[in-house]
Each structure stands twice: as structure tokens, then as C-alpha cells.
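Chain A is fixed; fit chains B, C and D onto it per the hints.
There are 4 protein chains.
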Amino acid sequence: MKFEPKDPDFETRVRASFARQQVMDLLGATMTQVLPGFVEIVLPFRENLGQQHGFIHAGVIATIADSACGYAALSLMPPSAAVLTIEFKVNLLSPAAGTRFIAQGNVIKPGQNITVCSGEVIAQQEHSEKSIATIVATMMCIKDREMEG
Amino acid sequence: MKFEPKDPDFETRVRASFARQQVMDLLGATMTQVLPGFVEIVLPFRENLGQQHGFIHAGVIATIADSACGYAALSLMPPSAAVLTIEFKVNLLSPAAGTRFIAQGNVIKPGQNITVCSGEVIAQQEHSEKSIATIVATMMCIKDREMEG
Amino acid sequence: MKFEPKDPDFETRVRASFARQQVMDLLGATMTQVLPGFVEIVLPFRENLGQQHGFIHAGVIATIADSACGYAALSLMPPSAAVLTIEFKVNLLSPAAGTRFIAQGNVIKPGQNITVCSGEVIAQQEHSEKSIATIVATMMCIKDREMEG
Amino acid sequence: MKFEPKDPDFETRVRASFARQQVMDLLGATMTQVLPGFVEIVLPFRENLGQQHGFIHAGVIATIADSACGYAALSLMPPSAAVLTIEFKVNLLSPAAGTRFIAQGNVIKPGQNITVCSGEVIAQQEHSEKSIATIVATMMCIKDREMEG
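In order, the protein sequences belong to chains A, B, C and D.
All residue numbers for the first sequence refer to this note's numbering, where the first residue is 10 and numbers rise by one.
All residue numbers for the second sequence refer to this note's numbering, where the first residue is 10 and numbers rise by one.
All residue numbers for the third sequence refer to this note's numbering, where the first residue is 10 and numbers rise by one.
All residue numbers for the fourth sequence refer to this note's numbering, where the first residue is 10 and numbers rise by one.
Do not take every clue at face value.
Because identical chains cannot be distinguished in the list, a pair is counted as satisfied if it fits within a single copy or across any two copies.
In silico DSS-like pairs for lysine-lysine, Cα to Cα no more than 27 Å straight-line [as the list claims (entries may be wrong)]:
| id | residue 1 | residue 2 |
| --- | --- | --- |
| 1 | LYS11 | LYS152 |
| 2 | LYS139 | LYS15 |
| 3 | LYS152 | LYS139 |
| 4 | LYS11 | LYS139 |
| 5 | LYS15 | LYS152 |
Hints were generated in silico from the structure; no laboratory data involved.
Just chain A, with the same shape it has in the complex (with noise of 0.2 Å):
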């Protein structure tokens, strides 16, 4: 699907926000592509983000596939808005092995209060990559001061 931003600014304000989410400095995750209704974070390999077989938790694993849908609805969103998500769904088709975990989220219904997204991450091992988890996610659209909790 082709999206047309709100705000030609799109790409810096999702970077700038993803750049306040202290938490993926913690799990050591980058924001590499942005485009209108697309957003993929990177996580590399980390003993320190596993669970107790040694892959990685499926909670991290959850942690960047939200961003990157909240940040893909986001991305068509207006200037003055903020996301905040309502809820997601993961499915872990694998456990999560592998160097490098790409998450990837898409739009696939913007909308002024509600964008669903849907996402998948990506397990890459050296000369081969397979999808170990889905993600649905809905997000809502909000002004700053409604946010308050």
C-alpha cells in the first residue's frame, strides 16, 4: 500500500521520538528505514536479552515489532499528534534465534482516531533469514495533554 504523509517532517519526528524511547538503548535496537506507513527497527544478538533457553524473549521480540507499528502509524499521522497503543497480538512462529532481528511494521488502515498495523520480525543467521513472530497491532491517534494516564 501507497500512503501519502500528513507531514512532509514525517521521518524526523518518528526518529526523533524513537530517539526518546530510552528502552531500545537498553536492548541495543536501531530505527533503520522510515517511509510513509513503514518503519523497521534492527536488534542485534545479545545473551543479556534471553530467556531461559537462550533465545530471545519473546517480549523483546514484542518490544520492537510495537514500535515499529506505532511508529508506522505514526508516520501518517498529523505534526501535533502522539500514538500510544491499545493493544497487540504476537504470534511466535519460532523461537528466536539468530544474529540479527528485524522488525518491520506496516499500516494497513490509517485512520484519524485508529491506525492498524500488522508487522512481522525476522530472524537472520548468517547465510539465511526466516519470520519468527507476527504482530497486529492497534494503535490510537492523541494530542500530547490527553496523555497525561
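Frame of chain A, contents of chains B, C and D only:
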């Protein structure tokens, strides 16, 4: 619901497995209660777990909720079993503001292959608390050698 | 949870809206209880609601669970509002065997735009009952003229 | 994705099972395409499938989406297997307005026990069509005698 554990040493086994989840150290989460079919994990607030508005990232909330559910499921499994998350859905009810976050996972339907769990995450402030997220998760009981990926 | 309805005539309004859901007639479902933030719908077993093994189809179970949640949400909305389902997730805990199926929907987080509900479906046999499905649903409060599609 | 069916007679078996889903007769749904890992079900509009605003009820949309996913999963299972839905999540992207509704289910991760499917429902108008719903579903492969409940 009351459950009869198949493994009398379920608590030791659950806590030992949790201790191998290195990401819990990274996040600062600890396991508090372990009962048959119920697990509680506590996460103190830290700025470097935050998203762009300073709340705890939804993925971090999902991480502790998923582990609480997964270990609630494992607590009812036989000694040789391991647990893997098939899928989970998280609804964020309010922004994750608070000093401490308490994830509680409950088995709602145990099974030989599939165990369904639900849970919630409670945010504590100094003098109040509220439920900020719900999770429903499907867990699979596997034997260790099935886990290659 | 105790909720204060914004519309004193909420029950009349909810029942009138349910009466317009023609599919409920087709399925044979009736609305039994309507309380602030809670709705119950009952569906007697009928062979022509079945899937390939003679159990009630999961989609039919979802239909009554979704309506129970949607009307639980509507019961707390102002008089002029309408409700639309954004998304729901259903976990099937056991095959839908029984003589009667009771869907109960509860509001767990009311909101001006978004209301989150959870519910379950209970299958009754002559001398027993059990929970066969859970639902978590996100509902949107809309004004009628927004609903063109 | 390309899949190799384990049962060369998969199409016959899938269509025979669908023919036993009595609820499909009640709704007026028919199975159109059956390919390895893909199934399509079509539902013409009928007023008595409606919700309170005259759109097709979200649960009916879920019913055809769930069956499309379940039979996509069954198409890849061995001859003796049966399929049961563990869970599904449906996002409603737009109200279900149209003359015909086409549910397409795809296997995204086949497995011996667990198969994950995704799908969508497309609403056709006379001169246009649009995607109105997405589904992600987890299916279990079972032997018939495990299905007592």
C-alpha cells in the same frame, strides 16, 4: 481455580528457569510469588525502560506479563517439560506510569500440549494502584529436545 | 467493578439495539441480563450452528461473545452513542459441547473513545457447566453519522 | 509461500469436512478455492446476518475467516488428522458493507501440532472491493479420538 501440581518441586523448577532469563536482570524484574498455576513478577520503575513519553514501554510490560503467564503454565507441567509461548495478546488500559509494576499470570485452562493463561499488570503509585494491562497467552508444553527451532 | 451509567435508560437502549441484530434471531440467541458494564446473552444448542464435529462453530461462539462485550460497552456510553467492534480475540478452551451457551461480557476499562471488555462463554450440560471460551475485545464509541464505512 | 500437501486428496477431504459445517448452510457460505495452505470462502450479503446498523455482524465475518484459516491448516495435515481452533484475533478495519464477502485463509507457519494462519475478509461492492477484516489464528492438529472435550 485450584490446581494440583504434577511436580512437587514446581516452585524450585520455576524459579531456577526464571533465574536463567537474563533479560529479567537487564530489566530489573524479580519473581515474587509462585503458586500452582499462578506466578507474580515485579518490576520497579526505571527511566531506561521508557518509551517516548517516559512511561514504561508496552513491550516491557508485555515481557513481564508473558513470563508471569509462561511460568504459571510451567508450574503445572511435569518435571521434564519446558514451556514456550505460542502467542499472546496485550491490551494496554492506561499508560504505564508508576513506581512499581506487578505482573500476575494465571492458568485458566491447563492441558497436556496447550495451556491458556490470562494475567494483568498492576501499576503501583505511592498511595494507589491500578490495572494498566491485560494479557491472554497460549503456552505450549514441550520436551527440551524439540526446541531446536 | 461498579460502574455508573451515563444514560439512565441504558437497559432499554441496549435491548432495543440488540433487537435490531437480525443475526441473533437467525442463531436463536437472546439477551438475558443487562447491567451497567455487564451483558449476558444465551444461545441454546442447535445442530445447524455446528462445525464439522457437531460442536458449535467457534465463530458462533465469537458472535455471542462479541455482542455481549459490545453491549456491555454500550451500556456505559451516553445516549447518542453507538458502538463498533475494533477487534477481539477469542481463545477456545474446550470444544463447544452443551445444551446452552451463556456469553457474559464485562467492561474492564471504560473510556470516551475506547472501551476494553473481557468475557467468557460457559457451556451448560444438564448437570454441569464449564467455561469454553474467553474473549478480550476493544470497542469504539462513535456517533451515528461517523458510521458510513 | 508454496506448500507440499501430505495428503494428495487434501482438497476432497477439506471440502467434505466443510460440507459437514452445518452453520455454513445457515449463513449461506460456500467454499470456493482450496489450494495447499490456502482456502477461500464466499458469503453473499443477507439482511438476517446483520448487526444493529445493517452491516454483517463481526462474528459472522469471524466465522468465515476462522473456517478459511482452519481449512487452510487442514489442507496441509495428514489424512487422519482433524483441526481445531485454539484461538483467533480479528481486527475489523471497516464496517462490513457489501454484496459479497470473501474470506481468504493462508498458512503462515505449518507444524505438526500447531499451525499458524492469517487471513483477511474482502467486501465486494458492485464496482469496488476493500479489505474489511484481518484474522490471525492458531490451529491445532488433533487425532479424532482426542476430541471428546
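Taking the hints in turn, this is what the structure says about them:
In this assembly of identical chains, LYS11 and LYS152 lie within 27 Å of each other by CA distance solely inside one copy; the values are 25 Å within and 29 Å between copies. In this assembly of identical chains, LYS139 and LYS15 lie within 27 Å of each other by CA distance solely across copies; the values are 22 Å between and 34 Å within a copy. In this homomeric assembly, LYS152 and LYS139 come within 27 Å of each other (Cα to Cα) only across copies, at 23 Å, whereas the closest approach inside a single copy is 38 Å. In the homo-oligomer, the alpha carbons of LYS11 and LYS139 lie at most 27 Å apart both inside one protomer (25 Å) and across protomers (15 Å), since each shortest distance falls under that limit.
Taking the shortest Cα distances, LYS15 and LYS152 sit within 27 Å of each other both inside one copy (15 Å) and across copies (25 Å).
Consistency note: the structure conflicts with none of the earlier hints.
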